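**Q** Modelling step: build the complete structure from the supplied sequences, incorporating the hints.
Protein sequences appear in the order of chains A and B. Under full-length UniProt numbering, read the first sequence as residues 1 to 526, first letter to last. Under full-length UniProt numbering, read the second sequence as residues 1 to 461, first letter to last.
Worth double-checking, as some hints may not be accurate.
Unchecked claim - To give a feel for the contact side, a few chain A residues facing chain B, derived at Cβ under 8 angstroms:
{"no.": "1", "residue": "Phe54"}
{"no.": "2", "residue": "Val126"}
{"no.": "3", "residue": "Gly127"}
{"no.": "4", "residue": "Gln129"}
{"no.": "5", "residue": "Asn137"}
{"no.": "6", "residue": "Glu138"}
{"no.": "7", "residue": "Ala258"}
{"no.": "8", "residue": "Asp307"}
{"no.": "9", "residue": "Glu313"}
{"no.": "10", "residue": "Leu379"}
Claimed, not checked - Straight-line Cα separation of at most 25 angstroms, SDA-like style, residue types lysine to any residue; simulated pairs:
{"no.": "11", "chain 1": "A", "residue 1": "Lys103", "chain 2": "A", "residue 2": "Arg166"}
{"no.": "12", "chain 1": "B", "residue 1": "Lys307", "chain 2": "A", "residue 2": "Glu225"}
{"no.": "13", "chain 1": "A", "residue 1": "Lys281", "chain 2": "A", "residue 2": "Lys297"}
{"no.": "14", "chain 1": "B", "residue 1": "Lys457", "chain 2": "B", "residue 2": "Thr432"}
{"no.": "15", "chain 1": "A", "residue 1": "Lys512", "chain 2": "B", "residue 2": "Phe300"}
{"no.": "16", "chain 1": "A", "residue 1": "Lys512", "chain 2": "B", "residue 2": "Lys443"}
{"no.": "17", "chain 1": "A", "residue 1": "Lys300", "chain 2": "B", "residue 2": "Ser371"}
{"no.": "18", "chain 1": "B", "residue 1": "Lys443", "chain 2": "A", "residue 2": "Asp307"}
{"no.": "19", "chain 1": "A", "residue 1": "Lys130", "chain 2": "B", "residue 2": "Lys307"}
{"no.": "20", "chain 1": "A", "residue 1": "Lys135", "chain 2": "B", "residue 2": "Glu114"}
{"no.": "21", "chain 1": "A", "residue 1": "Lys385", "chain 2": "B", "residue 2": "Pro310"}
{"no.": "22", "chain 1": "B", "residue 1": "Lys401", "chain 2": "A", "residue 2": "Val161"}
{"no.": "23", "chain 1": "A", "residue 1": "Lys192", "chain 2": "A", "residue 2": "Asn169"}
{"no.": "24", "chain 1": "B", "residue 1": "Lys307", "chain 2": "A", "residue 2": "Lys192"}
{"no.": "25", "chain 1": "B", "residue 1": "Lys443", "chain 2": "A", "residue 2": "Lys135"}
{"no.": "26", "chain 1": "A", "residue 1": "Lys281", "chain 2": "B", "residue 2": "Ser371"}
{"no.": "27", "chain 1": "A", "residue 1": "Lys512", "chain 2": "B", "residue 2": "Glu222"}
{"no.": "28", "chain 1": "A", "residue 1": "Lys281", "chain 2": "B", "residue 2": "Phe300"}
Claimed, not checked - Computed from the model, here is a short list of chain B residues facing chain A with C-beta under 7 angstroms:
{"no.": "29", "residue": "Leu226"}
{"no.": "30", "residue": "Arg262"}
{"no.": "31", "residue": "Gln302"}
{"no.": "32", "residue": "Ala305"}
{"no.": "33", "residue": "Gly309"}
{"no.": "34", "residue": "Pro310"}
{"no.": "35", "residue": "Ala312"}
No lab work stands behind these hints: they were computed from the structure. These numbers come from a predicted model, not from an experiment. Positions of the beta carbon are idealized from the N, C-alpha and C atoms, including for glycine.
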Amino acid sequence: MLQEESDLSLVIAQIVQKLKGSNLYAQLERQAWACLQRPEIRLESLKEDIKEFFKISGWEKKLQNAVYSELNVYPLPSHPSAPPEHLKEPLVYMRKAQGSWEKRILKSLNSMCTELSIPLARKRPVGEQKELLNKWNEMGTDEPDLSLFRPVYAPKDFLEVLINLRNPNYENGDSLSFRTHLGLIQVPLKVKDIPELKECFVELGLTTGQLGIDDSTQVPPELFENEHVRIGQKVLVQQDSAAAQQYIRQGSPTALRAELWALILNISSQPEDILYYEQLKTNVIQHDLLVDSLIYKDVKLTASNDDYYFVFEDYLYQVLLCFSRDTSVLGHFAYNSASPPKSYIRGKLGLEEYAVFYPPNGVIPFHGFSMYVAPLCFLYHEPYKLYQIFREMYVRFFFRLHSISSHPSGIVSLCLLFETLLQTYLPQLFYHLREIGAQPLRISFKWMVRAFSGYLATDQLLLLWDRILGYNSLEILAVLAAAVFAFRAVNLMEVTSLAAAEAVLADLSTLKVMPLLQIFLFATVT
Amino acid sequence: MSRQKNQSFKGHGLSKGKEREPRTLIRFKTTLMNTLMDVLRHRPGWVEVKDEGEWDFYWCDVSWLRENFDHTYMDEHVRISHFRNHYELTRKNYMVKNLKRFRKQLEREAGKVEAAKCDFFPKTFEMPCEYHLFVEEFRKNPGITWIMKPVARSQGKGIFLFRRLKDIMDWRKGTVGKKLTIVEAQPNRANVNPSGSHDTKSSDDQKEEIPVENYVAQRYVENPYLIGGRKFDLRVYVLVMSYIPLRAWLYRDGFARFSNTRFTLNSIDDHYVHLTNVAVQKTSPDYHPKKGCKWMIQRFRQYLASKHGPEAVERLFRDMDNIFIRSLQSVQKVIISDKHCFELYGYDILVDQDLKPWLLEVNASPSLTASSQEDYELKTCLLEDTLHVVDMEARLTGREKRVGGFDLMWNDGPVSREEGPSDLSGMGNFVTNTHLGCVNDRKEQLRQLFRSLQVQKKAPG
Numbered sequence: 001m002l003q004e005e006s007d008l009s010l011v012i013a014q015i016v017q018k019l020k021g022s023n024l025y026a027q028l029e030r031q032a033w034a035c036l037q038r039p040e041i042r043l044e045s046l047k048e049d050i051k052e053f054f055k056i057s058g059w060e061k062k063l064q065n066a067v068y069s070e071l072n073v074y075p076l077p078s079h080p081s082a083p084p085e086h087l088k089e090p091l092v093y094m095r096k097a098q099g100s101w102e103k104r105i106l107k108s109l110n111s112m113c114t115e116l117s118i119p120l121a122r123k124r125p126v127g128e129q130k131e132l133l134n135k136w137n138e139m140g141t142d143e144p145d146l147s148l149f150r151p152v153y154a155p156k157d158f159l160e161v162l163i164n165l166r167n168p169n170y171e172n173g174d175s176l177s178f179r180t181h182l183g184l185i186q187v188p189l190k191v192k193d194i195p196e197l198k199e200c201f202v203e204l205g206l207t208t209g210q211l212g213i214d215d216s217t218q219v220p221p222e223l224f225e226n227e228h229v230r231i232g233q234k235v236l237v238q239q240d241s242a243a244a245q246q247y248i249r250q251g252s253p254t255a256l257r258a259e260l261w262a263l264i265l266n267i268s269s270q271p272e273d274i275l276y277y278e279q280l281k282t283n284v285i286q287h288d289l290l291v292d293s294l295i296y297k298d299v300k301l302t303a304s305n306d307d308y309y310f311v312f313e314d315y316l317y318q319v320l321l322c323f324s325r326d327t328s329v330l331g332h333f334a335y336n337s338a339s340p341p342k343s344y345i346r347g348k349l350g351l352e353e354y355a356v357f358y359p360p361n362g363v364i365p366f367h368g369f370s371m372y373v374a375p376l377c378f379l380y381h382e383p384y385k386l387y388q389i390f391r392e393m394y395v396r397f398f399f400r401l402h403s404i405s406s407h408p409s410g411i412v413s414l415c416l417l418f419e420t421l422l423q424t425y426l427p428q429l430f431y432h433l434r435e436i437g438a439q440p441l442r443i444s445f446k447w448m449v450r451a452f453s454g455y456l457a458t459d460q461l462l463l464l465w466d467r468i469l470g471y472n473s474l475e476i477l478a479v480l481a482a483a484v485f486a487f488r489a490v491n492l493m494e495v496t497s498l499a500a501a502e503a504v505l506a507d508l509s510t511l512k513v514m515p516l517l518q519i520f521l522f523a524t525v526t
Numbered sequence: 001m002s003r004q005k006n007q008s009f010k011g012h013g014l015s016k017g018k019e020r021e022p023r024t025l026i027r028f029k030t031t032l033m034n035t036l037m038d039v040l041r042h043r044p045g046w047v048e049v050k051d052e053g054e055w056d057f058y059w060c061d062v063s064w065l066r067e068n069f070d071h072t073y074m075d076e077h078v079r080i081s082h083f084r085n086h087y088e089l090t091r092k093n094y095m096v097k098n099l100k101r102f103r104k105q106l107e108r109e110a111g112k113v114e115a116a117k118c119d120f121f122p123k124t125f126e127m128p129c130e131y132h133l134f135v136e137e138f139r140k141n142p143g144i145t146w147i148m149k150p151v152a153r154s155q156g157k158g159i160f161l162f163r164r165l166k167d168i169m170d171w172r173k174g175t176v177g178k179k180l181t182i183v184e185a186q187p188n189r190a191n192v193n194p195s196g197s198h199d200t201k202s203s204d205d206q207k208e209e210i211p212v213e214n215y216v217a218q219r220y221v222e223n224p225y226l227i228g229g230r231k232f233d234l235r236v237y238v239l240v241m242s243y244i245p246l247r248a249w250l251y252r253d254g255f256a257r258f259s260n261t262r263f264t265l266n267s268i269d270d271h272y273v274h275l276t277n278v279a280v281q282k283t284s285p286d287y288h289p290k291k292g293c294k295w296m297i298q299r300f301r302q303y304l305a306s307k308h309g310p311e312a313v314e315r316l317f318r319d320m321d322n323i324f325i326r327s328l329q330s331v332q333k334v335i336i337s338d339k340h341c342f343e344l345y346g347y348d349i350l351v352d353q354d355l356k357p358w359l360l361e362v363n364a365s366p367s368l369t370a371s372s373q374e375d376y377e378l379k380t381c382l383l384e385d386t387l388h389v390v391d392m393e394a395r396l397t398g399r400e401k402r403v404g405g406f407d408l409m410w411n412d413g414p415v416s417r418e419e420g421p422s423d424l425s426g427m428g429n430f431v432t433n434t435h436l437g438c439v440n441d442r443k444e445q446l447r448q449l450f451r452s453l454q455v456q457k458k459a460p461g
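**A** See below:
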């Protein structure tokens, strides 16, 4: 009992600490002062009256949403004497692996820099600044020579690193048994099985209405859709984050999605936020970073070639270039196993006072990074709003897809979950693919790293991301990957090479996500 | 003219009588070598005839039509893919004339409000004969942009934008202008090159080396709806099986064609910005063939719904239905409605920032060449379903409201989504039977349709 109480008070203290530095605190303070003028506030019962006022005026709700947001994002404090690295990643061997992976990336970046004799950062001459400002809304028309730039790494490079991860404390012996994991990932992390997933994703069950299934043309809207939309509108009126998160587990109606996501992520575009975005923009105009070329290259290679996202090319630059200058993103490294790369001012290598994080937000983009932003362009049209949403999505979810950690939503766990599901519930398929040299993870890895962006049709992708937000977890990506394999199992059993297997799974654009998930979780005999 | 008739449900006009025996061998002919050829060749029971062989079905091009239609005898069952004088709808100057006349008639018969429903065509003037009317309108609206389009060319050729009368003066003085002053009076319609979309040569007038051209000056829509900063237009397919009575089908699929460059009124000379035609975009320096610069119309509809909500989107699509119907009604009395003819039109629609759709033009020979895999599938399915509706095999009963991806939009009167004869007096709950941009589960629908047709055939009596 005592332990729980002290845990709770620790959590409260931590959250209070966090929120004290936020805008919301300043606003609440202002509101409290302002409401003293009101007749219903009496000196004798000052505290209660102010609390009552907050409740009625909706400020309590805002505070609630902020607290809820903090609880969602920040891991609960562990043992008081645990070092801060434990918050990032409790397992030493994982931390070490992440560290050496980062070293490799940085080395690659630095060597590209030296090869091309391009500085990591430089100040733009005034003429160039003016030009960029004029072209800000159409940077896609620029065709800089990017032929010499290569992406720093691609998902498959990262996969090789994960395959070689080993826990030095774990010895599973040489003898094969039915318990041997036959996949590529060989670390003993705990992953859920289907009964546990069913419990976790209970709202996706067969008897619960879903958008993505129960809104299809054959189903009359009176059965589910109309009521669901009505509830969604109510949730928005109430402005309750927690309720929105619960609601969206059954999918979001198209017209309400933008607002619902903003509510769940606790994003409201205050003037300060718009100003902040403008400052980032100024930063971009004034300084040119090497990563900018990497961003350009990535957008041109991926989003611009996509049948649907090419239209949003300009927005992608406006978001990603600003993102790389945003030092507030550094905050997420407290709970990210990764650490921001450090660079030193010319000539002052090793001197801590001259160390800067590079890029300023500590995130080095890789091949396909821009695809995290592209689907959001469907929902948000003002650049600052799009920016805020993307940044929040990144520091809540996407960062886990390219850093080595033991977190259940981390990419390592997702890979292991995927392979375990396949081996346990589709053993024949798994064995067959393994025999022909087509380890399933080699095909599904890229889907999961990109959270399926660019592989699914946009409307299906958004339904999937609804559930990521609803469950505050990325595990659904692994479940979907397994469900896709299950769906195409018949064809896959007939292939005899990795290339043929890739071909069977090359086109996911016709898949309907929710029926696949439902069948895999709730209608497969286990 | 658009009086509502009480609909005890009418068939959609397949000829009854002895010609309704199902045909097993259909001889087809076509000169097009693209998706159409693939579709025709794969259709069971259809064989190609070449050169002078007799045919039952001809997907012809408009030049053949012009030269041969009048002296070709066709049996009752024979079908051909164009109406004799389709140019009444597809040539910009004729369409304008017909629409203006129709609008006046509507105003007389049904009042201003009804007539205003025809205001989907930007103000257009024929050049040079309406030059003075144009100048009057021009002076009333100083500073707006106008677009000059040749009447009979396609793929964006010969088009330019202008804001000053000086620009037209220069144009008038140019080569084309000179030719027109010599042949000032508009040629007799019968001699005029009636091509809607792809001919460039006129074989009528061997004396002239440069073809005689007419232009129209049209008010340019300056506030187009932009997605990602780019302008786009919509290509929609409408199949007309007859004009008298008017029977038209609307295809669920279509696409939005994007301009490769960002929209701005500053660059009037930049051809590429303003013209969204894929043919023009293909020559733009920014063009990358992989991009395709097209969105399926379902994606477009979803995008709008997430931005503006479902009611606004429904209003937009209802307004588009209005464009299709009214434009067809305006030429109903002038087009020779030969029962052998059918026509698949490609409508080009531009949406402005107030979500109002504008008709840019109607194409009698919409491009059937595929620009990407997705495009190939769309066009293949479109053509297959067109052939299903034309029904050379005489399988349909004539009461169908939907065949594959086609929904029966107008059957001598509006067609309702509801089953059975509808009471049109209230018009309160009437929802038209159109599903543009909606789910196209055509395979499933066709399977059910043909299965039930087979069952019906087997049933006695």
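**Q** Now, for every hint given, state plainly whether the structure supports it.
**A** Going down the list of hints, with the structure as the test:
Residue-level restraint check for Phe54/A is violated (minimum Cβ-Cβ distance to chain B is 32 angstroms; threshold 8 angstroms). For Val126/A, the suggested interface contact is broken, since its CB lies about 23 angstroms from the closest CB of chain B, more than 8 angstroms. Checking Gly127/A against chain B by beta carbon gives a least distance of about 21 angstroms; that is not within 8 angstroms, so the hint is violated. Violation of the interface hint for Gln129/A is found here, the shortest Cβ-Cβ separation to chain B being roughly 20 angstroms, above the 8 angstroms cut-off.
This hint holds: Asn137/A has a C-beta 6 angstroms from the nearest C-beta of chain B, less than the 8 angstroms allowed. Here the hint on Glu138/A is kept, as its CB sits about 4 angstroms from the closest CB of chain B, short of 8 angstroms. A distance limit of 8 angstroms between C-beta atoms decides the matter here; for Ala258/A the minimum to chain B is near 7 angstroms, and the interface restraint holds. With 8 angstroms as the threshold, the beta carbon of Asp307/A comes within range of chain B, its nearest partner Cβ sitting at about 6 angstroms, so the hint holds.
For Glu313/A, the interface hint holds, the least distance from its beta-carbon to any beta-carbon of chain B being 7 angstroms, beneath 8 angstroms. Interface hint at Leu379/A: satisfied, since its Cβ lies 6 angstroms from the closest Cβ of chain B, which is below the 8 angstroms cut-off. Proximity of Lys103/A to Arg166/A is assessed by CA-CA distance (about 18 angstroms); at most 25 angstroms being required, the pair is judged to hold. Of the supplied pair hints, the one linking Lys307/B and Glu225/A holds, its CA atoms being roughly 19 angstroms apart against a limit of 25 angstroms.
Simply put, Lys281/A and Lys297/A have alpha-carbon atoms about 20 angstroms apart, close enough for the 25 angstroms limit, and the pair holds. Of the pairs offered as hints, the one joining Lys457/B and Thr432/B is violated, with about 30 angstroms between alpha carbons and a cut-off of 25 angstroms exceeded. Distance check on the hinted pair: Lys512/A and Phe300/B sit about 19 angstroms apart at the alpha-carbon level, within 25 angstroms; holds. Note on Lys512/A and Lys443/B: the hinted pairing holds, with a Cα-Cα distance of about 17 angstroms set against a maximum of 25 angstroms.
Between Lys300/A and Ser371/B, the direct Cα distance comes to roughly 20 angstroms. Compliance with the 25 angstroms bound is thereby established for this hinted pair. Restraint check: the Cα-Cα separation between Lys443/B and Asp307/A comes to about 24 angstroms, which is no more than 25 angstroms; the hinted pair holds. Our distance criterion of 25 angstroms between C-alpha atoms is broken by Lys130/A and Lys307/B, whose separation comes to about 33 angstroms. For the given pair, Lys135/A sits about 46 angstroms from Glu114/B by alpha-carbon distance, which is inconsistent with the 25 angstroms threshold.
With a C-alpha separation of about 22 angstroms, the suggested pair Lys385/A and Pro310/B falls inside the 25 angstroms cut-off, and the hint holds. Between Lys401/B and Val161/A, the direct Cα distance comes to roughly 58 angstroms. Violation of the 25 angstroms bound is thereby established for this hinted pair. For the proposed pair Lys192/A and Asn169/A, the alpha carbon gap of about 22 angstroms is at most 25 angstroms, so the pair holds. At roughly 38 angstroms between alpha-carbon atoms, Lys307/B and Lys192/A are farther apart than 25 angstroms, so this suggested pair is violated.
The suggested pairing of Lys443/B with Lys135/A is violated, with an alpha-carbon distance near 47 angstroms, which exceeds 25 angstroms. Using a Cα cut-off of 25 angstroms, the hinted pair Lys281/A and Ser371/B is violated, with the two alpha carbons roughly 38 angstroms apart. A C-alpha spacing of about 39 angstroms is found between Lys512/A and Glu222/B, which places the hinted pair above 25 angstroms, so the restraint is violated. In summary, the hint linking Lys281/A to Phe300/B is not supported, as the alpha carbons are separated by about 30 angstroms, beyond the 25 angstroms threshold.
At a threshold of 7 angstroms, the smallest CB-CB gap from Leu226/B to chain A is about 10 angstroms, leaving the interface hint violated. The beta carbon of Arg262/B comes within 4 angstroms of a beta carbon in chain A, closer than 7 angstroms, and the hint placing it at the interface holds. With 7 angstroms as the threshold, the beta carbon of Gln302/B comes within range of chain A, its nearest partner Cβ sitting at about 6 angstroms, so the hint holds. Hint status for Ala305/B: holds, given a least beta-carbon distance of 5 angstroms to chain A, under 7 angstroms.
This hint holds: Gly309/B has a C-beta 4 angstroms from the nearest C-beta of chain A, less than the 7 angstroms allowed. For Pro310/B, the interface hint holds, since its Cβ comes within 7 angstroms of a Cβ in chain A; the closest pair sits about 6 angstroms apart. With a least beta-carbon distance of about 9 angstroms to chain A, the hint placing Ala312/B at the interface is violated under the 7 angstroms criterion.
The structure fails to meet hints 1, 2, 3, 4, 14, 19, 20, 22, 24, 25, 26, 27, 28, 29, 35 from the earlier list, while all remaining hints are met.
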